[in-house]
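Here the protein sequences come in this chain order: A and B.
The first sequence begins at 1 in the numbering used here and counts up by one.
The second sequence begins at 1 in the numbering used here and counts up by one.
To be clear, the hints were calculated from the coordinates, so they are not data collected in a lab.
Computed from a prediction, not measured in an experiment: that's the story for all the values here.
Careful: at least some of the hints might be erroneous.
[Claimed, not checked] According to the in silico footprint, chain B covers these stretches of chain A (three or more CB under 8 Å from chain B):
1. 4–13
2. 19–28
3. 55–64
4. 155–164
5. 296–307
[Claimed, not checked] Below 30 Å or equal to it, Euclidean Cα-Cα: the simulated DSSO-like pairs (lysine-lysine) are:
6. K492(B) x K398(B)
7. K37(B) x K38(A)
8. K522(B) x K64(A)
9. K38(A) x K78(B)
10. K522(B) x K398(B)
11. K322(B) x K219(B)
Just so it is clear, CB atoms sit at the ideal spot from N, CA and C, and this is done for glycine as well.
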Amino acid sequence: MTQQTLEKKIWVYSFALIVIGLAALYSASYNNVRVEQKIFFDQLKFAGISFLVMAFLGRTDYRKFYDGAYFFYFVNVLLLVMVLVMGRHALGAQRWINLGEFSFQPSEFMKLTLILMLGRYFAKRRVHLSFNFLSKTQLLVRDLIYPCFLTIIPMYLIFKQPDLGTALLLFGIFFVMIFAGGLSYKYIFNLIFLCLAFFPIGWNFLRQYQKDRLLVFLNPNIDPLGAGYTIIQSKIAIGSGQVFGKGWLAGTQNQLNFLPERHTDFIFSVIGEEWGLVGSILVIAIYFLLILSILDIATHVKDRFGVFVCMGIAAILTLQVIINIGMVMGMFPIVGITLPFISYGRSSFLVTALMMGFLLNLSRR
Amino acid sequence: MRIKILRVLIIIVFIITLVNLVYLQAIRGSYYYKLSKNNRIRLIPMEGWRGRIFDRQKVLLADNQLSYNAMITPQDIKNTKELFLFLSSVLGVDRYILEENYEQKTSFSFAPVVIAENITREQAIILEENKYRFPSLVVSESFRRVYPLGQNSAHVLGYVGKVSQSQIEKNQEYGYSPLSFVGYLGVEEYYDNYLRGGSGGLQVEVNSRGQQVRLLSVKEPLKGQDITLTIDSRIQQKALQLLDEHVGSIIVMDADNGEMLAMTNAPAFDPNMFNQRKSFLSVQRLFSHPLAPLLNRSIKGLYPPGSVFKIPIAFGGLDSGKIAIQTTFHCPGFYEIGGIKFKCAHQHGAQNLYQALTHSCNVYFYRLGLLLGADSIYRYAKIFGLGELTHVDLPYEKSGHIPYRQQNILSGKKWYTGNTLNISIGQGDVLITPLQLTRMMATIFNDGLEVQPHVISAIGNHQVAAFSTRQQSWFASPVSRFIKESLRNVVKSPEGTAHILDIPGLNVSGKTGTAQASGTKKDHAWFVGYVKGESRNIAFCVFLENGGSSENACYVARDLLNYLREKEIL
Numbered sequence: 001m002t003q004q005t006l007e008k009k010i011w012v013y014s015f016a017l018i019v020i021g022l023a024a025l026y027s028a029s030y031n032n033v034r035v036e037q038k039i040f041f042d043q044l045k046f047a048g049i050s051f052l053v054m055a056f057l058g059r060t061d062y063r064k065f066y067d068g069a070y071f072f073y074f075v076n077v078l079l080l081v082m083v084l085v086m087g088r089h090a091l092g093a094q095r096w097i098n099l100g101e102f103s104f105q106p107s108e109f110m111k112l113t114l115i116l117m118l119g120r121y122f123a124k125r126r127v128h129l130s131f132n133f134l135s136k137t138q139l140l141v142r143d144l145i146y147p148c149f150l151t152i153i154p155m156y157l158i159f160k161q162p163d164l165g166t167a168l169l170l171f172g173i174f175f176v177m178i179f180a181g182g183l184s185y186k187y188i189f190n191l192i193f194l195c196l197a198f199f200p201i202g203w204n205f206l207r208q209y210q211k212d213r214l215l216v217f218l219n220p221n222i223d224p225l226g227a228g229y230t231i232i233q234s235k236i237a238i239g240s241g242q243v244f245g246k247g248w249l250a251g252t253q254n255q256l257n258f259l260p261e262r263h264t265d266f267i268f269s270v271i272g273e274e275w276g277l278v279g280s281i282l283v284i285a286i287y288f289l290l291i292l293s294i295l296d297i298a299t300h301v302k303d304r305f306g307v308f309v310c311m312g313i314a315a316i317l318t319l320q321v322i323i324n325i326g327m328v329m330g331m332f333p334i335v336g337i338t339l340p341f342i343s344y345g346r347s348s349f350l351v352t353a354l355m356m357g358f359l360l361n362l363s364r365r
Numbered sequence: 001m002r003i004k005i006l007r008v009l010i011i012i013v014f015i016i017t018l019v020n021l022v023y024l025q026a027i028r029g030s031y032y033y034k035l036s037k038n039n040r041i042r043l044i045p046m047e048g049w050r051g052r053i054f055d056r057q058k059v060l061l062a063d064n065q066l067s068y069n070a071m072i073t074p075q076d077i078k079n080t081k082e083l084f085l086f087l088s089s090v091l092g093v094d095r096y097i098l099e100e101n102y103e104q105k106t107s108f109s110f111a112p113v114v115i116a117e118n119i120t121r122e123q124a125i126i127l128e129e130n131k132y133r134f135p136s137l138v139v140s141e142s143f144r145r146v147y148p149l150g151q152n153s154a155h156v157l158g159y160v161g162k163v164s165q166s167q168i169e170k171n172q173e174y175g176y177s178p179l180s181f182v183g184y185l186g187v188e189e190y191y192d193n194y195l196r197g198g199s200g201g202l203q204v205e206v207n208s209r210g211q212q213v214r215l216l217s218v219k220e221p222l223k224g225q226d227i228t229l230t231i232d233s234r235i236q237q238k239a240l241q242l243l244d245e246h247v248g249s250i251i252v253m254d255a256d257n258g259e260m261l262a263m264t265n266a267p268a269f270d271p272n273m274f275n276q277r278k279s280f281l282s283v284q285r286l287f288s289h290p291l292a293p294l295l296n297r298s299i300k301g302l303y304p305p306g307s308v309f310k311i312p313i314a315f316g317g318l319d320s321g322k323i324a325i326q327t328t329f330h331c332p333g334f335y336e337i338g339g340i341k342f343k344c345a346h347q348h349g350a351q352n353l354y355q356a357l358t359h360s361c362n363v364y365f366y367r368l369g370l371l372l373g374a375d376s377i378y379r380y381a382k383i384f385g386l387g388e389l390t391h392v393d394l395p396y397e398k399s400g401h402i403p404y405r406q407q408n409i410l411s412g413k414k415w416y417t418g419n420t421l422n423i424s425i426g427q428g429d430v431l432i433t434p435l436q437l438t439r440m441m442a443t444i445f446n447d448g449l450e451v452q453p454h455v456i457s458a459i460g461n462h463q464v465a466a467f468s469t470r471q472q473s474w475f476a477s478p479v480s481r482f483i484k485e486s487l488r489n490v491v492k493s494p495e496g497t498a499h500i501l502d503i504p505g506l507n508v509s510g511k512t513g514t515a516q517a518s519g520t521k522k523d524h525a526w527f528v529g530y531v532k533g534e535s536r537n538i539a540f541c542v543f544l545e546n547g548g549s550s551e552n553a554c555y556v557a558r559d560l561l562n563y564l565r566e567k568e569i570l
């Protein structure tokens, strides 16, 4: 597969997802008081900006990202601290930072920053390996403990906001990066068991609403008008779309405000209801093709940093798509994770555009 | 290598997601589709226009009047405290009562709650003018049942009230909703299905908070059908006036076809009370009143008929051949059996049947009763429809009771000769309704053709004509002729017990009755009869509960007949 076709594919899939997202958003905010129409135009504006960002990133020297990776990480962690200190409250959590008119979520950017940082970390590490100077313990510290520590800092800050979803995503990134970095399977499996063992302890650190959500996930009917409401209404929305959907702007669950947060985390419910199975499969197929293309790029890229970053981006997109769609279908507990390029949200949108721009850059190498 | 593994993992999770999606949308899709439909549609029932009720001269007996209700739409309330203070000052009702009322009635936030019914036009205007301050205020117009003539025909009409839980269950398939008004007693209940028409409603689409998003459809409630009765409200009014000082009932029925011209009971009630908000206490008093004003005595009151019961016995004696017209018994003023004296009103001396009926001699009928026997009396009473439902088109009619020897024995009680004697003069356990006696008189007048009493004349534009008649074929014409002559003689003969009813130009026949009431109360006074008139033949009944001597009933009957003639109804 030529590099040019890969580049074209990234463009086409991104464009398709953005258009679908805009159409869904238009419907979600159509003639409605709860979700204002202006968010559609806001997203439209950001789509334009994103294309510019993608085009620009595609042409810059990507070594600059390698060089700046640690710096970005440092700045991003600093911003996360700032969020906790002075961030803007919304929806019961502190996730935003105001910069004049523009507010953004550092936690969203942390996803890309962490990929870059760990990518650089593992890419650099290879040089020493051939000498075999280090003991097993030193290797373990270097390959696992240290990157884990670097991940846990932003993870904890994001968890404190509280944004459980993004915090777990960061852990997912970390996991895929150590996997990509070549850590032996023995350690990977040990890590998985360790995480499972940690789960009951972690339960106590969760806030009440997070516990509620997890319990409700197990049985949405325990509180059909409270915490379970969202899951039930979302399932009804998607299910009632059946095969061909109720038609654009005609989804009753959506248009009648039965769907909470339908312009952000629950945008897929709108698609499922109005466009049916056909539309849902189309969206998933585009994501699938996009992610496979990213892996194709990974196989073509010569340097290790590029490979790790591609794998990291492929993984984060997969996680976001699967968890988001899974959660609106009731397969996962509700954690605030957006659907890339489709959910409304400037930071999320911009970060996805940055990732795509980065991939465009890599596909040319 | 690790890229390939990652690729495989990604493919697997995508396939899992896809399978779930297919299951949710394709396989379970129709189930969720149904759920989504129920999610959003609510029905608000709407009351229809209830059919009006007219009397035979097209005088309005029951009408619907525009009334105003103050309502609040919960979803639009801005300042609760201010709103209720304002309402309290306009309506003159305590604020806390209003608030309590509101909280009790609130169901959906989009469904307006009736806070005060039947407010005055002035109050409605004030509320309308302040709508800009309180957007949740709604002044709705609805129809209130009114009975222009008040107590006139109250028992025939019944009243209208909120449907009760038992009524809902009973009438579920007819589409009653909890908000419905329904007829109680009388024509309002009996012909409720025609009067109420089809109930309609609003189909409203709501959102997750239950707020109205849009109106999907309006099903205009079908208008109920107007009903025309055979009742003549003029006679009713007169009857009401005549019974003013009494407890009892007056029935006037067209003897030829069973049309009820009048059916008035006293004490009566004003059906308008049931839809006035402030009259709650008065309604309570109606239900607990010792004289039971709600009771339609004509069809539900059970009384001993007294001497009126002598008619079927006389008929039975002749029909069975136990006596002949000329059979004579001696009346010493009492009849003694087993050491107990059964009294008569006078010492009539030798009496034949003709005289015995005219004078209403008890001794004659004691002896005749013994000749016939209790079971025979029972059979003849039934032939005249006594102790049986008349099937008049009004609800909750009672059949009464004619004692039956077999029945008494079966229930373990002994049957004494004294029982038979009591029955022979319409006392004891003989219990009938005034309407049964009225119909009996019509049957006698028609030589055995039994008509069915009814109050309905037309539903909408359709005349109601299908009323069964029954020819009592065993009415032997000589016997029948004799009975009619005797009844005519009761009025015509100067010695007759109802001679005061011998109104010149009116051919009145009938029978008086004075029935002992239970305990120390005064006797019941009866006069039942028929008139062969120029324009119409009627059977009628005047009954005064604890009214004393039958003479009192005769006086009332005289005034009634004079009135009928005056108005050229007869």
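Against the structure, the hints:
Residues of the region 4–13 of chain A with a Cβ under 8 Å from some Cβ of chain B number 0, which does not satisfy the need for three, so the listed coverage is violated. Given a C-beta distance limit of less than 8 Å, the hint that chain B covers the region 19–28 of chain A is violated, as 0 residues qualify and 3 are needed. With a cut-off of 8 Å between beta carbons, the region 55–64 of chain A has 0 residues touching chain B; three or more are needed, and the interface restraint is violated. Coverage of the region 155–164 of chain A by chain B is violated [criterion: at least 3 residues with CB-CB distance below 8 Å; count 0].
Counting residues of the region 296–307 of chain A whose beta carbon lies closer than 8 Å to any beta carbon of chain B gives 3, which meets the minimum of three for the stated coverage. Distance hint between K492(B) and K398(B) is unfulfilled; the C-alpha atoms sit about 34 Å from each other, more than 30 Å. Under the criterion of a C-alpha separation no larger than 30 Å, the hint pairing K37(B) with K38(A) is consistent with the structure, at around 29 Å. Under the criterion of a C-alpha separation no larger than 30 Å, the hint pairing K522(B) with K64(A) is inconsistent with the structure, at around 119 Å.
At roughly 27 Å between alpha-carbon atoms, K38(A) and K78(B) fall within 30 Å of each other, so this suggested pair holds. For the hint linking K522(B) to K398(B), the alpha-carbon distance of about 24 Å falls within 30 Å, and the restraint holds. For the hint pairing K322(B) with K219(B), the CA-to-CA distance comes to about 69 Å; that exceeds 30 Å, so the pair is violated.
When each numbered hint is compared with the structure, violations occur for hints 1, 2, 3, 4, 6, 8, 11.
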